[in-house]
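Chains A and B, in that order, give the protein sequences.
For the first sequence, our numbering assigns the number -16 to the initial residue and increments by one for each residue that follows.
For the second sequence, our numbering assigns the number -16 to the initial residue and increments by one for each residue that follows.
There's no promise every hint is true.
You can't tell identical chains apart in this list, so a pair holds if it fits in one copy or across any two.
[What the hints assert, rightly or not] Lysine-lysine pairs mimicking DSS-like chemistry, simulated, CA-CA at most 30 Å apart:
| no. | residue 1 | residue 2 |
| --- | --- | --- |
| 1 | K125 | K223 |
| 2 | K0 | K174 |
| 3 | K174 | K223 |
| 4 | K233 | K95 |
| 5 | K95 | K223 |
| 6 | K223 | K56 |
| 7 | K213 | K223 |
| 8 | K0 | K125 |
| 9 | K233 | K213 |
| 10 | K95 | K234 |
If you are wondering where the hints come from, they were derived from the structure by calculation, not from laboratory data.
Chain by chain, the residues:
There are 2 protein chains.
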Amino acid sequence: MLAGAGNAATRMGQALKEAGVDIVQVFNRSEESAQHLAGFLQAGFTTNPGSVVPDADLYIIAVPDDAIAAVVKDINAQDKFVVHTSGSVSMEILAPFALNYGVLYPLQTFSKERTVDFSTIPVCIEASSLRNLELLSLLASKISSDIRSIPSAQRKALHLAAVFACNFPNFMYAVAESIVHRANLDFDLLKPLILETARKVQSISPARAQTGPAFRGDTQIMDDHLEMLKQDPAIRELYKRISEEIPRLKK
Amino acid sequence: MLAGAGNAATRMGQALKEAGVDIVQVFNRSEESAQHLAGFLQAGFTTNPGSVVPDADLYIIAVPDDAIAAVVKDINAQDKFVVHTSGSVSMEILAPFALNYGVLYPLQTFSKERTVDFSTIPVCIEASSLRNLELLSLLASKISSDIRSIPSAQRKALHLAAVFACNFPNFMYAVAESIVHRANLDFDLLKPLILETARKVQSISPARAQTGPAFRGDTQIMDDHLEMLKQDPAIRELYKRISEEIPRLKK
Chain A
-16 MLAGAGNAAT RMGQALKEAG VDIVQVFNRS EESAQHLAGF LQAGFTTNPG
34 SVVPDADLYI IAVPDDAIAA VVKDINAQDK FVVHTSGSVS MEILAPFALN
84 YGVLYPLQTF SKERTVDFST IPVCIEASSL RNLELLSLLA SKISSDIRSI
134 PSAQRKALHL AAVFACNFPN FMYAVAESIV HRANLDFDLL KPLILETARK
184 VQSISPARAQ TGPAFRGDTQ IMDDHLEMLK QDPAIRELYK RISEEIPRLK
234 K
Chain B
-16 MLAGAGNAAT RMGQALKEAG VDIVQVFNRS EESAQHLAGF LQAGFTTNPG
34 SVVPDADLYI IAVPDDAIAA VVKDINAQDK FVVHTSGSVS MEILAPFALN
84 YGVLYPLQTF SKERTVDFST IPVCIEASSL RNLELLSLLA SKISSDIRSI
134 PSAQRKALHL AAVFACNFPN FMYAVAESIV HRANLDFDLL KPLILETARK
184 VQSISPARAQ TGPAFRGDTQ IMDDHLEMLK QDPAIRELYK RISEEIPRLK
234 K
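Please model the entire structure based on the sequences and the hints provided.
The structure is reproduced here in structure tokens:
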């Protein structure tokens, strides 16, 4: 049983389905997305927690962090095996509501527009017992070749790191886009650079891959850049502060 | 003639050589790297500006920004066609020293360790005359399929955008690496996420691709993250300020 119908629920449901795992039911408060995902997964669906099937082997709660506790409570999971898929929520949030519980956290950014190859995504698992960990590991290995047993505290550090590895770089791309647009240039110009920067750190440590004016200590260029950013003081300040920290990579 | 023997000079020399362009000589102050690159390009080399060949069709100055003026002056380029390869230096820096001049700026990050496919790299060109622009365009089209005529002011905006598209994301990767290492985890875990984040914006605008706690307004998670960063106040402050700016993408 899969609770949720957002990007993460959709991509995980899809990967499980493709791996031959039978998803009996989708539960989601919004009927439209529940029905849509259920159709896609050839599963039943319900918007009523009281109608959730009582006999699934596993209940996967792939809903926003702040909705996890309410969902597992409402589906009455006392004697069930329940996992959530969050990077930042402790496994123990499930303890008051379920007999057997765990975490199945795929470390990736999901979007409606893009299908990702699930097999290369690291899947972090944690469970309330060794037997549950084995069951989760078996399931996870059907959808990914990179399964890691990672307890809550480490998973939280990983989630924080993911903000720096994904959300913040994406915001930097967005700033770059606004700069080229303001200069009547095309964002396409920057795409090979963005891709190569990400590819480089697949084989070289980012601490060694650092380049640019702040790393070289080129104050002339940095001053020019700060001058060009003066119409946007918040971004100017970010440029300044990030540039001040970059030299720490020189050791 | 190619001046310089760093990453940019090496990669451009290599691309030109592979495109069948004959590089007659490498000039570089350090003999070791001059000799090494010259050997690689089957070119002559010199460390003495007075010994630079007088009759090359083009003089490409691929040296650090603050060394460009000195190099073009020292090689006595009064009646020659000279270009530099910098993103941030105005073309007019060459005007006092050369009869014909221009810029050949490949928008990419180069490293010793990695060969990049030059053919997909946008090459920005600018020249002192229409005829020189045509000559540069002809040369650039031998090494890349993406040639753009971009004047100095726009090129400077592009270079600033490149800092946000490359240098700052790489620093964010480095912070992510230090966070996972501190938690005794492997940076490998983050690599698929980094790559997918860069791939996503090849087809979706970064302003639309933004995800994460700051974009969702999840203050609980952000507070947890700030707490986890308290041993590094500068990075904690960066986290806070970037997170404060991310909601501007919601329009």
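Evaluation of the provided hints:
no. : hint           : verdict
1   : K125 with K223 : neither (46 Å within a copy, 38 Å between copies)
2   : K0 with K174   : between (33 Å within a copy, 25 Å between copies)
3   : K174 with K223 : both (24 Å within a copy, 27 Å between copies)
4   : K233 with K95  : between (40 Å within a copy, 17 Å between copies)
5   : K95 with K223  : between (35 Å within a copy, 28 Å between copies)
6   : K223 with K56  : neither (47 Å within a copy, 33 Å between copies)
7   : K213 with K223 : both (11 Å within a copy, 21 Å between copies)
8   : K0 with K125   : within (10 Å within a copy, 48 Å between copies)
9   : K233 with K213 : both (28 Å within a copy, 22 Å between copies)
10  : K95 with K234  : between (42 Å within a copy, 19 Å between copies)
Checked against the numbered hints given earlier, the structure breaks hints 1 and 6 and satisfies all the rest.
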